[in-house]
Amino acid sequence: MKEAYLGIDIGSISTKGVIIDEDNNILASSYIWTEGNPLGSAKKLLGILEEQFDKETYQIVATGTTGSARNLVGAMVGATMVKNEITAHAIGTTTLYPDVRTILEIGGQDSKIILVENGVAIDYAMNTLCAAGTGSFLSSQAKRLGVEVEEFGDIALKSTHPTQIAARCTVFAESDLVHKIQMGHPKEDIIAGLCKAVVSNYLNNVGKGKKILSPVVFQGGVSKNIGVTAAFKEALGCDIIVDENGHLMGAFGVAILAGRSSKRKVFDFSVEDMEFKTRDTNCGRCPNNCEIICVYRDGVLIDSWGNRCDRGAIKIGTKLAN
Amino acid sequence: MNGVKKVSFPSFTHYNYAFKYFMENGVGARYIMPPQMTLRTLDRGTKASPDYVCTPFKTTLGSMMDCLEAGADTIFMSMGLCRLGYYGELQEQILRDMGYQFDFVNLSEYSTGKRRDYIKALKRLNPRMSVAKMMLVLAETVKLVEQLDEAEAMYYKNCGFEKVKGSCKTAIKRYHTAVETATTGRELEAAYKKFKKEFNEIELDKPENPLKVGVVGEFLTAQDAFSNLDVEQKLADMGVEVYRYLNATSRMFHYKGKNLQVETSEYCKYDMGPTSTINIWAAKNYASHSFDGIVHIKSAGCTPEIDIMPVLHNISEDYKIPVLYLTYDSQTSDTGLATRLEAFYDMISMRKKVL
Chain A
333 MKEAYLGIDI GSISTKGVII DEDNNILASS YIWTEGNPLG SAKKLLGILE
383 EQFDKETYQI VATGTTGSAR NLVGAMVGAT MVKNEITAHA IGTTTLYPDV
433 RTILEIGGQD SKIILVENGV AIDYAMNTLC AAGTGSFLSS QAKRLGVEVE
483 EFGDIALKST HPTQIAARCT VFAESDLVHK IQMGHPKEDI IAGLCKAVVS
533 NYLNNVGKGK KILSPVVFQG GVSKNIGVTA AFKEALGCDI IVDENGHLMG
583 AFGVAILAGR SSKRKVFDFS VEDMEFKTRD TNCGRCPNNC EIICVYRDGV
633 LIDSWGNRCD RGAIKIGTKL AN
Chain B
2 MNGVKKVSFP SFTHYNYAFK YFMENGVGAR YIMPPQMTLR TLDRGTKASP
52 DYVCTPFKTT LGSMMDCLEA GADTIFMSMG LCRLGYYGEL QEQILRDMGY
102 QFDFVNLSEY STGKRRDYIK ALKRLNPRMS VAKMMLVLAE TVKLVEQLDE
152 AEAMYYKNCG FEKVKGSCKT AIKRYHTAVE TATTGRELEA AYKKFKKEFN
202 EIELDKPENP LKVGVVGEFL TAQDAFSNLD VEQKLADMGV EVYRYLNATS
252 RMFHYKGKNL QVETSEYCKY DMGPTSTINI WAAKNYASHS FDGIVHIKSA
302 GCTPEIDIMP VLHNISEDYK IPVLYLTYDS QTSDTGLATR LEAFYDMISM
352 RKKVL
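These protein sequence lines are chains A and B, in that order. Quick note on the working numbering: the first sequence kicks off at 333 and runs consecutively. Quick note on the working numbering: the second sequence kicks off at 2 and runs consecutively.
Hints in this document: simulated from the structure, not taken from any laboratory. Where hints are given, some of them may not hold.
Said to hold, decoys possible - Under the rule of at most 25 Å between Cα atoms (straight-line distance), these lysine-lysine pairs were calculated in the BS3-like manner:
1. B:270 <-> A:540
2. B:321 <-> A:540
3. B:115 <-> B:134
4. B:353 <-> A:595
5. B:354 <-> A:542
6. B:353 <-> A:542
7. B:197 <-> B:174
8. B:166 <-> A:595
9. A:595 <-> B:354
10. B:115 <-> B:207
11. A:543 <-> B:174
12. B:144 <-> A:595
13. B:166 <-> B:144
14. A:542 <-> B:164
15. B:354 <-> A:543
16. B:194 <-> B:144
17. A:542 <-> B:270
18. A:647 <-> B:235
19. B:170 <-> B:134
20. B:353 <-> A:543
21. B:164 <-> B:207
22. A:542 <-> B:213
23. A:647 <-> A:609
24. A:519 <-> A:565
25. B:207 <-> A:647
As the structure is a computational prediction, the values presented were derived from the model and not from experiment.
Pulled out of the complex, with its shape left as it was, chain B reads as follows:
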């Protein structure tokens, strides 16, 4: 169909809804929703990856295979500020060596910071894309990402306290379906309004001063429930309010790195990588707002996140707040995770009773 591509981006929490909206309505390409990741995804991704690479490389590679088999003919890959910036090039080569045939749009090759270069990348998906329309839809997409993140924050703050089990999950699933099928900005607004109304009507059984845990960590593993074995849900289910400042909204669209750095200057002088400043700030913020605990999530070998661990030690000591460090690789048994989470919960709840 005159150069219009069937494009896909590897599975990454709820952001694929935003990608879909942007690609279909803004760029005018077709978007293939990546199939939900399963153990098979991780298995195939791990087999084709170098052993010591960070886990997100493996999951995104596996997801790319899933996308290509689901009918996509083009893969769109993001740029990044750490090793993520080199993911695309290597993944493309691996997939080609395996025999897949596809187009690969690697945003790293266009990341000059100039608008016309990004437009060049998008024009590869649809040569007749209208730039004016794309810019308009881009604004709507940014709004959508904010709403998706906000909905998720509401969800993890409250889902552990619902009276009828599963009612929060139903509400957010219904919202995601509405977003997936929306074609105009107005529909997106209506869906979000409806979700908020529905969600606020859910009956909760929340104590006056519930346990609060803040999550910090590496960009993909901390956010993607499949990659972190659903750690936020597991925590919430024990009866905990779970907060995570780190998301696309706060890291990409409303990122105030300089300010955050000034506010955390007693802990670190320099920016140490893509998410270190935001995580240190968030951890300090949780600690000073008398949260009960912090959970730090990273994939094995993630250097920027290893760098912030000594800072978290200091915050933990200064504010007397326990930090649970979780490292993920391609293991899928959650027994070890359950033991650590349970113990962490027992500890913070007993502590709260005494203090």
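If we strip away everything but chain A, and leave its shape as in the complex, we get:
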């Protein structure tokens, strides 16, 4: 029986999972939409991974979770490693591309830049307070234009004269966009303009003051959009590497981290059949009124978080009262 590691990245928009062996080869992988239900999509993801996975030769001995729902899904699958997505991405990419200097990442709700030197992250930045110029912006504009977001890149490349679109803020960009549509700009020019707007927004906000050195790797869901990649190439004037597994990098990174740590716990696909429930309660023991999230597996509390002090601590193992 050979060892294998599972990594799950549950983002706001999509849920990604990979199973890797000891030499970081991907044995199984999947990418599905979260659709506002992290627990449900994680279960679905595990179902897909189980079908691809060879249980006879491999055994999953460590599990890692990352992404914005890492705690919730970590509690569900009994993760041995729960890590933030910035570290997970840095580890994943530097493993595949040891001499990378800059990692650009645009996901559904956030975007980040990681600077690397000698295979170690030396500086990073992440968007604050606002989700302008991320994947969710592109997909909402796609809906407005009546095209699938997956076709965006191909349409954008057809344009020879991209429309100028104000990119500072999603709300302003949208009204600018509507205006340009009504003026009669062709669709492909507008879509190419949007891709350019995403890039200039990224470089002005997240990338501000950061020295972007080649080789540059571009990843995250938006990296699948060749229009944005082309716009990055033009803006930075250097080649952009987009890995075919670029959208899985977070899951890949956390699987590597889970494998590297000494913590071991055999993962069992039976969690797919268990029932998970979350419930939020208000502590009420002081005016802070912390919102405490409790996670129950088959009616038994397995984890809780959200309390700021010990007064709000909840005993693990309590039964769900109905």
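Assemble the complex: chain A is given as a structure, and chain B must be docked to it using the hints.
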């Protein structure tokens, strides 16, 4: 009671202990300790504030409401070198419009730089105040602020490495209680001595070369744990020595702006606001003492702190030190903060191993 006021100053880290000591023993007024800020404070302050004002306006306004409801009949508000200078006037108007009845002593109205004008302000709290006594207690209060700041610096430098969880917190809490009840300078000295002794006896488990992070930023948000969602504690808990040069001692009582400006002249020619010179100097100082990282804290829309960010970029590049920029508004979820801090910690610790 013949014009003696029950005065309060909005909650601001440990400085309310110093205010209390000064007001009760020096001025001879009664001091109402502001209740600890909670989400309710911030909520009410935000609702009553203009939306785009800096966050400290919202927290101090909320805290003023808490103070008035806790029994204060007079609010004392500080002056300031940025928008803070206009806080008092607007906050007074907002509170009056809401129907609160109180006296408002706004130091901005007395900030002529002349001693007799400040004394005028204080006489409003107690008309029969003895100026000689007040001056004496003022000196003791300055000393107290220095000691409070020093105690805090010791705390954040070491609390991440204690062997018994919570022992540092207990020691500093005990010190604060002693300070709150002290009535003489001698008692203050004794309390500080006792704290130092107790704190130095706490067993630590510190590696030889621990991770060091320096904090710079806006005066209130960087110092007040409630306003910055306890960022220094969170960093320390990961096993980091946390330093912050910025505090009342170094900015107000021992401020050597000219010298600091000369020492940072390669980065900026002019003073850009209340805390910019001190922050640039501190950042350069951390960088040149091979710290592992700098955290810059500001509230959304704080212009002086936005101005120093390009300088921090330059320092970061010259000394190859990562800077984490954190912007606070009235959000209270710390998930986003935890993600950024964790990633920052991972990065500086991996970097340290390689370099």
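Hint by hint, here is what the structure shows:
{"no.": "1", "hint": "B:270 <-> A:540", "result": "holds, 23 Å"}
{"no.": "2", "hint": "B:321 <-> A:540", "result": "holds, 16 Å"}
{"no.": "3", "hint": "B:115 <-> B:134", "result": "holds, 19 Å"}
{"no.": "4", "hint": "B:353 <-> A:595", "result": "holds, 23 Å"}
{"no.": "5", "hint": "B:354 <-> A:542", "result": "holds, 23 Å"}
{"no.": "6", "hint": "B:353 <-> A:542", "result": "holds, 21 Å"}
{"no.": "7", "hint": "B:197 <-> B:174", "result": "holds, 13 Å"}
{"no.": "8", "hint": "B:166 <-> A:595", "result": "holds, 24 Å"}
{"no.": "9", "hint": "A:595 <-> B:354", "result": "holds, 21 Å"}
{"no.": "10", "hint": "B:115 <-> B:207", "result": "violated, 49 Å"}
{"no.": "11", "hint": "A:543 <-> B:174", "result": "violated, 45 Å"}
{"no.": "12", "hint": "B:144 <-> A:595", "result": "violated, 51 Å"}
{"no.": "13", "hint": "B:166 <-> B:144", "result": "violated, 30 Å"}
{"no.": "14", "hint": "A:542 <-> B:164", "result": "violated, 39 Å"}
{"no.": "15", "hint": "B:354 <-> A:543", "result": "holds, 23 Å"}
{"no.": "16", "hint": "B:194 <-> B:144", "result": "holds, 13 Å"}
{"no.": "17", "hint": "A:542 <-> B:270", "result": "holds, 23 Å"}
{"no.": "18", "hint": "A:647 <-> B:235", "result": "holds, 23 Å"}
{"no.": "19", "hint": "B:170 <-> B:134", "result": "violated, 34 Å"}
{"no.": "20", "hint": "B:353 <-> A:543", "result": "holds, 21 Å"}
{"no.": "21", "hint": "B:164 <-> B:207", "result": "holds, 9 Å"}
{"no.": "22", "hint": "A:542 <-> B:213", "result": "holds, 23 Å"}
{"no.": "23", "hint": "A:647 <-> A:609", "result": "holds, 16 Å"}
{"no.": "24", "hint": "A:519 <-> A:565", "result": "holds, 22 Å"}
{"no.": "25", "hint": "B:207 <-> A:647", "result": "violated, 32 Å"}
Checked against the numbered hints given earlier, the structure breaks hints 10, 11, 12, 13, 14, 19, 25 and satisfies all the rest.
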